[in-house]
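> Sequence:
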Amino acid sequence: NLRIPLELSSPIAIESSILWNFMLNNVITFKNRNSQAGLMRKLMRFHVAAGLAGMVNYSILLFLVRGVGLWDIASNIIGIGFGVLINYLLNSRWTWKKQLKKG
1 NLRIPLELSS
11 PIAIESSILW
21 NFMLNNVITF
31 KNRNSQAGLM
41 RKLMRFHVAA
51 GLAGMVNYSI
61 LLFLVRGVGL
71 WDIASNIIGI
81 GFGVLINYLL
91 NSRWTWKKQL
101 KKG
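Going by this note's numbering, the residue at position 15 of the sequence shown is 15; the numbering climbs one at a time, nothing skipped.
Simulated from the structure, these hints should not be mistaken for lab results.
It should be emphasised that the depicted structure is a prediction, and the values quoted were computed from it without experimental measurement.
Here a beta-carbon is modelled for each residue, glycine too, at the ideal position from N, C-alpha and C.
Hints should not be assumed to be uniformly reliable.
[What the hints assert, rightly or not] Derived CB-CB ranges, DEER-like: (1) Asn-1 - Gly-81: 29 to 37 Å; (2) Gln-36 - Phe-63: 33 to 41 Å; (3) Ile-28 - Val-68: 33 to 41 Å; (4) Arg-3 - Lys-98: 44 to 52 Å; (5) Pro-11 - Leu-62: 34 to 42 Å.
Construct the complete structure from the given sequences, taking the supplied hints into account.
Okay, here's the thing in structure tokens:
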């Protein structure tokens, strides 16, 4: 037990997962993308995409639970689905944008 306070451990866990997911996407999912963006630029874009996807997920969750009265687990699943979609679209079309081939 490391006894790290929740206020510190949660942001560390979130950032660790973002960095891990970035690395996996860079070496596996989008390894064949010939993006001209450098590694740091891609990492910053990935962070923006993750943040936006997280906000979409959270907003949908709150709207469905508080506004519509839907069950919280179902609302979270729906929010996660939209978050995943937004995250993938932003990363595939912006972070690892395909470069047009010349010639």
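> Hint by hint, note whether the structure agrees.
Now the hints, each set against the structure:
no.: 1; hint: Asn-1 - Gly-81: 29 to 37 Å; result: holds (35 Å)
no.: 2; hint: Gln-36 - Phe-63: 33 to 41 Å; result: holds (38 Å)
no.: 3; hint: Ile-28 - Val-68: 33 to 41 Å; result: holds (37 Å)
no.: 4; hint: Arg-3 - Lys-98: 44 to 52 Å; result: holds (47 Å)
no.: 5; hint: Pro-11 - Leu-62: 34 to 42 Å; result: violated (21 Å)
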